[in-house]
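Student: These are the residues of each chain, in order.
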Amino acid sequence: MTRDHRHGPDDELALRAAALEAVLVEKGLLSTDQIDAIVERYERDLGPQNGARVVARAWVDPAYRDRLRADATAAIAELGFGGFEGATMVALENTPDVHNVVVCTLCSCYPWPVLGLPPTWYKSPAYRARVVAEPRSVLREFGIELPAEARIRVWDSTSEVRYLVVPQRPAGTEGMGEEALAGLVTRDSMIGTGLARSPGA
Amino acid sequence: MSGTTDPGVADPAAPAAPPRSNGELVFEEPWESRAFGVAVALHDARVVDFETFRAHLIDEIAAWEAEHRPSAAGYRYYERWLAALERTLLEAGLVDAPRVEAARTALEHEWSHDHDHDH
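Residue numbers (my numbering), protein chains in the order written: chain A, 4 to 204; chain B, 42 to 160.
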């Protein structure tokens with residue numbers, strides 16, 4: 004791969020990262036190819052499109068939804084997703100009464116196999132602190148206005164459990180196929196900071 | 042459109058990025074992807090226990106947060122990640138500081154040499 008040696012404010016950090024990598028490769032502990040392969044996988048293959056397939060399947064297939072409730076790790080594996088940072092999955096179903104939202108207060112744990120790597124805001128100190136203390140106003144900043152009677156549950160991914168929020172299926176999607184439905188499932192809706200899109204929106 | 046907004050949390054210009062089939066950048070700078078890839082590769086190769094690394098990552102994040110307000114500018118997750126990775130490797134004796142420093146110096150020289158040729 005080609006290395007980008009642009010000079011800028013990140014020079015020192017880039018040098019530190021490259022120096023560590025160089026020593027590990029020199030010592031034969033890692034190869035550049037191994038690192039390249041991982042970066043490529045996380046940049047290209049893993050992402051919220053995977054979680055969207057899980058959600059769409061749960062919307063159209065009640066038996067699958069039951070399996071997802073009972074053992075999310077196994078149900079997600081049925082679609083071919085799983086592994087590191089997704090080895091113990093729990094699905095959180097949003098309902099008219101309960102809205103689930105996920106955070107990792109200590110670092111930024113996130114279900115990599117189904118959502119890829121987290122967006123910047125998910126990792127920010129502001130989100131991590133505020134969504135626990137004042138979830139309703141944080142959700143409002145994301146554009147979600149929940150009915151006053153809806154309860155918000157905030158789930159902290161501190162243990163080994165990783166969460167996938169199953170957003171409510173939007174109205175007007177009866178008869179839509181699974182693939183089209185998956186296109187309505189946004190990344191944020193699977194974290195709980197968004198809702199699934201309405202068709203045509 | 043990574044949309045780091047400082048005071049708040051959400052980027053109103055990017056409300057709910059659709060599931061990507063490809064495209065959305067997950068790393069802001071190339072070095073971040075290398076630091077990420079090294080840590081995960083070390084775990085895959087069973088050279089480093091990821092939980093040890095994660096504990097250092099939590100410490101590094103907590104140390105930053107102890108000195109800054111949550112809304113403060115300047116927080117960079119992969120900077121914390123890199124610091125945690127350095128600590129993990131040094132403490133495990135998988136790398137030693139003089140050798141890393143020598144590699145850094147050599148790379149700095151090499152990169153500035155590349156740079157000279159660019160102009």
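Hints are computed from structural coordinates only; laboratory data are not their basis. Glycine is no exception: its CB is placed at the ideal position from the N, C-alpha and C atoms. Hints may contain errors.
Chain B regions said to be covered by chain A (calculated; three or more residues, Cβ under 8 Å) [unchecked claim]:
#1 74-85
#2 92-101
#3 123-133
#4 136-143
Chain B is nowhere near these chain A residues, computed Cβ spacing over 12 Å in every case [stated by the list, open to error]:
#5 Val-63
#6 Val-93
#7 Asp-100
#8 Arg-133
#9 Thr-161
Facing chain A, from chain B, some residues (calculated, C-beta under 8 Å) [claimed, not checked]:
#10 Glu-108
#11 Pro-111
#12 Tyr-116
#13 Glu-120
Student: Taking the minimum C-beta separation from Val-93 of chain A to chain B, is that value above 12 Å?
Tutor: 19 Å, holds
Student: Do at least three Cβ atoms from the segment 123-133 of chain B come closer than 8 Å to Cβ atoms of chain A?
Tutor: holds (count 4)
Student: Hint Glu-108 of chain B vs chain A: min CB-CB distance below 8 Å?
Tutor: With Cβ-Cβ at 11 Å, over 8 Å, it is violated.
Student: Please verify the coverage claim for the segment 136-143 of chain B: does it have three or more residues whose C-beta sits within 8 Å of some C-beta in chain A?
Tutor: Holds, because 4 residues of the segment 136-143 of chain B bring their Cβ atoms closer than 8 Å to Cβ atoms of chain A.
Student: Minimum Cβ separation between Val-63 of chain A and chain B greater than 12 Å?
Tutor: Val-63 of chain A is indeed farther than 12 Å from all Cβ atoms of chain B, at 17 Å.
Student: Examine each Cβ of chain B, and state whether all of them lie more than 12 Å from the Cβ of Arg-133 of chain A.
Tutor: 6 Å, violated
Student: Taking beta carbons only, do three or more residues of the segment 92-101 of chain B come closer than 8 Å to chain A?
Tutor: holds (count 3)
Student: Tell me if the interface restraint on Tyr-116 of chain B is satisfied: Cβ within less than 8 Å of some Cβ in chain A.
Tutor: This interface hint holds because 6 Å falls under the 8 Å limit.
Student: Apply the coverage criterion to the segment 74-85 of chain B and chain A: a residue qualifies when its Cβ sits closer than 8 Å to a Cβ of the chain, and three qualifying residues are needed.
Tutor: holds (count 11)
Student: Does Pro-111 of chain B pass the interface check with chain A, least Cβ-Cβ distance below 8 Å?
Tutor: Holds - the Cβ of Pro-111 of chain B comes within 8 Å of chain A, reaching about 4 Å at its closest.
Student: Quick one: work out the minimum CB distance from Thr-161 of chain A to chain B and report holds if it exceeds 12 Å, violated otherwise.
Tutor: The claim is violated: Thr-161 of chain A sits with its nearest Cβ about 9 Å from chain B, within 12 Å.
Student: Given Glu-120 of chain B as an interface hint, is its Cβ closer than 8 Å to any Cβ of chain A?
Tutor: Holds: closest Cβ of chain A sits about 6 Å from Glu-120 of chain B, inside 8 Å.
This entry does not satisfy hints 8, 9, 10, going by the numbered hints stated previously.
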